[in-house]
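Could you build all of it, start to finish, from the sequences and the hints given here?
Number of protein chains: 2
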Amino acid sequence: RKVLIVYAHQEPKSLNGSLKRVAVEELSKQGCSVTVSDLYAMQFEPRATRNDIVGCLHNSEEFNYGVEAWEAYKRGGLSNDLIEEQKKVQEADLMIFQWFSMPAIMKGWMDRVLVQGFAHEFPNCYDSGLLKNKLALFSFTTGGSKEMYEKGGISGDIRYLLWPMQHGIMHFCGVKVLAPHICFAPEYVSEEKRKEMLIAWAQRLKTLWKEEPINCSPEWYFK
Amino acid sequence: RKVLIVYAHQEPKSLNGSLKRVAVEELSKQGCSVTVSDLYAMQFEPRATRNDIVGCLHNSEEFNYGVEAWEAYKRGGLSNDLIEEQKKVQEADLMIFQWFSMPAIMKGWMDRVLVQGFAHEFPNCYDSGLLKNKLALFSFTTGGSKEMYEKGGISGDIRYLLWPMQHGIMHFCGVKVLAPHICFAPEYVSEEKRKEMLIAWAQRLKTLWKEEPINCSPEWYFK
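Each protein sequence line maps, in turn, to chains C and Y.
Per this note's numbering, the very first residue in the first sequence carries number 1; after that it's consecutive.
Per this note's numbering, the very first residue in the second sequence carries number 1; after that it's consecutive.
Worth flagging that the hints you see were computed from the coordinates, not collected in a lab.
Since we're looking at a predicted model, the values are computed, not measured.
Take the hints with a grain of salt, since some may be wrong.
Said to hold, decoys possible - Calculated cross-link-like contacts (lysine-lysine; reagent style DSBU-like; alpha-carbon spacing at most 30 Å):
#, chain 1, residue 1, chain 2, residue 2
1, Y, Lys223, C, Lys151
2, C, Lys151, Y, Lys146
3, C, Lys146, Y, Lys146
4, C, Lys195, C, Lys146
5, C, Lys132, Y, Lys151
6, C, Lys13, Y, Lys74
7, C, Lys151, Y, Lys176
8, C, Lys146, Y, Lys176
9, Y, Lys151, C, Lys223
Stated by the list, open to error - If we take Cβ atoms under 10 Å as the criterion, some of the chain Y residues that face chain C in the derived model are:
#, residue
10, His9
11, Glu11
12, Ser14
13, Arg47
14, Phe63
15, Pro103
16, Gly108
17, Arg112
18, Asn124
19, Tyr126
20, Gly143
21, Lys146
22, Tyr160
The beta-carbon is built from N, C-alpha and C at its ideal position, and this holds for glycine as well.
Here you go:
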């Protein structure tokens with residue numbers, strides 16, 4: 001099995017860095033082939049611009065990124081960084097997105113890599129999206145505590161924050177979503193607790209392939 | 001009154017470009033002073049990195065963007081592009097965010113400009129956030145139709161998508177949020193309809209200052 005880890009944290013020594021390493025180790029041990037896109041290290045470009053289109057535009061009078069990326073994808077005319085990421089996505093059975101507090105660089109990866117033609121092409125979206133045989137898992141850390149992110153908590157149920165990414169982007173492309181893996185407020189807990197977080201993640205990964213995707217409908221998020 | 005328009009679209013001829021110009025015109029006519037941050041034209045940097053911190057780090061052993069930006073803000077050591085945006089925010093009574101399908105460059109503006117110390121500083125968040133005398137309005141266009149973005153529609157209520165931005169970011173910083181202004185699927189309607197969209201926006205702006213902010217609680221989003 002092939003796993004792509006899309007990783008967005010500036011600091012390898014962070015808990016996110018450790019969670020990424022734990023995943024590489026455990027999944028490799030299982031015999032999976034693991035690829036990491038380390039977005040900050042790659043200085044991945046988050047801005048969706050004309051530079052993503054090699055050669056002439058489909059409509060040079062009025063630039064429409066969605067249409068241009070779609071046309072460029074069809075003729076193999078996207079910029080090299082995008083073609084490489086799309087190859088990794090294409091080959092992956094599972095994509096793990098690892099980050100702290102959804103940063104723009106991660107959103108930029110989704111905006112630029114998962115373009116029309118490659119990931120969706122109306123009416124092929126949601127259950128018939130073009131990436132429909134793939135799985136995704138959002139693994140991340142928060143600044144706020146678990147209590148703040150509960151229903152009725154000041155920040156609201158953490159699932160509310162996941163809707164735009166898990167449903168609006170992943171499900172839109174046909175990707176099935178496994179339950180998120182969340183480490184709350186690692187900056188405010190003991191070293192001991194942080195170690196437990198790493199162990200729990202490694203533990204979960206051991207039986208990951210037996211998990212069923214969540215039911216990615218409003219009920220799961222807003223019930 | 002002072003208005004800051006944070007604008008993220010690559011093409012001036014787009015409907016988003018026109019909506020931005022309509023707002024500049026109408027608000028200037030009212031005697032407001034209007035500033036535009038045209039993010040793509042500025043090639044605004046969406047990545048939150050060590051480059052945002054001028055001089056030495058607070059902790060050079062382990063880079064924590066949130067902590068470093070906070071410390072740098074306090075000593076006036078953020079990079080110039082951020083200091084300039086923060087000045088614009090500081091002076092504004094109202095911020096209008098104009099975009100198509102929330103792009104990473106806009107998220108990057110929020111990640112990097114609205115840092116701890118400037119926009120929030122625990123426990124000064126949500127109703128006591130540091131930008132509590134300001135208003136924000138999200139004005140944007142979608143790819144999908146109104147029906148797709150209704151409760152029960154395939155994409156779910158559009159308000160679900162607004163929660164992370166309006167509540168998680170704006171409300172978190174104390175900013176009061178006016179009802180969003182949404183133009184659905186301008187790419188699929190007639191030129192006539194697009195003109196009506198521009199007129200409706202100009203019309204709304206005429207009485208904007210009399211509007212009450214929404215009740216930015218889960219009820220507004222998920223009822």
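Practice task
Go through the numbered hints given earlier and state which of them the structure violates, listing their numbers in rising order.
Solution key: 3, 18 and 21
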